[in-house]
Amino acid sequence: SQQGEEDPQALSIQEGENATMNCSYKTSINNLQWYRQNSGRGLVHLILIRSNEREKHSGRLRVTLDTSKKSSSLLITASRAADTASYFCATGEFSGGYNKLIFGAGTRLAVHP
Amino acid sequence: EAQVTQNPRYLITVTGKKLTVTCSQNMNHEYMSWYRQDPGLGLRQIYYSMNVEVTDKGDVPEGYKVSRKEKRNFPLILESPSPNQTSLYFCASSPIREVPNEQFFGPGTRLTVL
Numbered sequence: 001s002q003q004g005e006e007d008p009q010a011l012s013i014q015e016g017e018n019a020t021m022n023c024s025y026k027t028s029i030n031n032l033q034w035y036r037q038n039s040g041r042g043l044v045h046l047i048l049i050r051s052n053e054r055e056k057h058s059g060r061l062r063v064t065l066d067t068s069k070k071s072s073s074l075l076i077t078a079s080r081a082a083d084t085a086s087y088f089c090a091t092g093e094f095s096g097g098y099n100k101l102i103f104g105a106g107t108r109l110a111v112h113p
Numbered sequence: 001e002a003q004v005t006q007n008p009r010y011l012i013t014v015t016g017k018k019l020t021v022t023c024s025q026n027m028n029h030e031y032m033s034w035y036r037q038d039p040g041l042g043l044r045q046i047y048y049s050m051n052v053e054v055t056d057k058g059d060v061p062e063g064y065k066v067s068r069k070e071k072r073n074f075p076l077i078l079e080s081p082s083p084n085q086t087s088l089y090f091c092a093s094s095p096i097r098e099v100p101n102e103q104f105f106g107p108g109t110r111l112t113v114l
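Residue numbers (our numbering), protein chains in the order written: chain A, 1 to 113; chain B, 1 to 114.
Derived by calculation from the structure, the hints in this document are not laboratory data.
It is possible that some hints are incorrect.
Dumping the calculated DSS-like pairs for lysine-lysine here, alpha-carbon to alpha-carbon at most 30 Å [said to hold, decoys possible]:
| hint | chain 1 | residue 1 | chain 2 | residue 2 |
| --- | --- | --- | --- | --- |
| 1 | B | Lys69 | B | Lys18 |
| 2 | B | Lys71 | B | Lys57 |
| 3 | B | Lys18 | B | Lys65 |
| 4 | A | Lys26 | B | Lys57 |
| 5 | A | Lys56 | A | Lys70 |
| 6 | A | Lys70 | B | Lys57 |
Listed next, the stretches of chain A that the computed footprint assigns to chain B, with coverage defined by at least 3 CB atoms under 8 Å from CB atoms of chain B [what the hints assert, rightly or not]:
| hint | region |
| --- | --- |
| 7 | 24-34 |
| 8 | 43-57 |
Where is the CB? At the ideal position from N, CA and C, for every residue including glycine.
Looking at chain A on its own, in the form it has when it is part of the complex (with noise of 0.2 Å):
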C-alpha cells in the first residue's frame, strides 16, 4: 500500500535556488518522515514531524505539516549541486495491527552548477 504520494516526480533547478517538494496523504498518522537517498544507496533520515506540529526546520531543510489537507512539503533552501538525489516522505501510522512506515514513490532532485 502506498500512502505518500510526492509532487513532483522531478525537479531540476539551478544552485542557489530553492526546491519544494510536496507530499500528499490518505489516511491518519502519528508522523510523516522525509528521507534522501543517493543514487542507488541506503536512505538517510532528514527530519521527523509529529502530527501535532505544524513546522519544523533542520539546517536549510524546513517542512510543514497540515493534517487537514493531509500534506506535507519540504524546503531545501539555497540548494547545492549535493543535494542532488530522490527525496521520500513517509507516513506513520498503524496499520493492519501494528505501526508501520509507508513510502512514497519520491520526487527526484537535479540541482545543476
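Following the hints, position chain B against chain A.
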C-alpha cells in the same frame, strides 16, 4: 561507527537457488525491517521484527522468510527465488522510543534473479 550492514551488496543468481541476505546493526535497536525498492513504487515493506523472536509480515511477504535469533541480526531468506524478486533490498533498524521512529538504513543489496 553506528551502522546497518548488509551482505552481499550485489548478487546475481538463478531461479530456485536458495539465498540469504544478511543484515546486522550495532545500535542495539529493537526494531528491524526489510524493504524492497522497485522503480516507481517507492519502498515496500517485506517483513519486520519488533524484537528477538518476534517477526511479522509486511506488505509484500510472499516468497520471503526472516528470522530474528539475535537482536543485532535479521537475515532475509529467499527459499526459491524467482525473477520477480529482482529488486533493490534494504534493511533498516530503529529504536522503539516512538513508533514509527526514524529508521537507519543499510547500503542496499541489488539482487538479480535470472
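Here's how the hints hold up against the structure:
1. Lys69(B) / Lys18(B): 20 Å, holds
2. Lys71(B) / Lys57(B): Satisfied, since the Cα-Cα distance of roughly 18 Å is no more than 30 Å.
3. Lys18(B) / Lys65(B): This hinted pair holds, its Cα atoms lying about 11 Å apart.
4. Lys26(A) / Lys57(B): Since the Cα atoms of lysine 26(A) and lysine 57(B) sit roughly 22 Å apart, the hinted pair holds (cutoff 30 Å).
5. Lys56(A) / Lys70(A): Measuring from Cα to Cα gives roughly 16 Å; hence the hint holds.
6. Lys70(A) / Lys57(B): It holds: about 27 Å lies between the C-alpha atoms, which stays within 30 Å.
7. 24-34: holds (count 3)
8. 43-57: holds (count 4)
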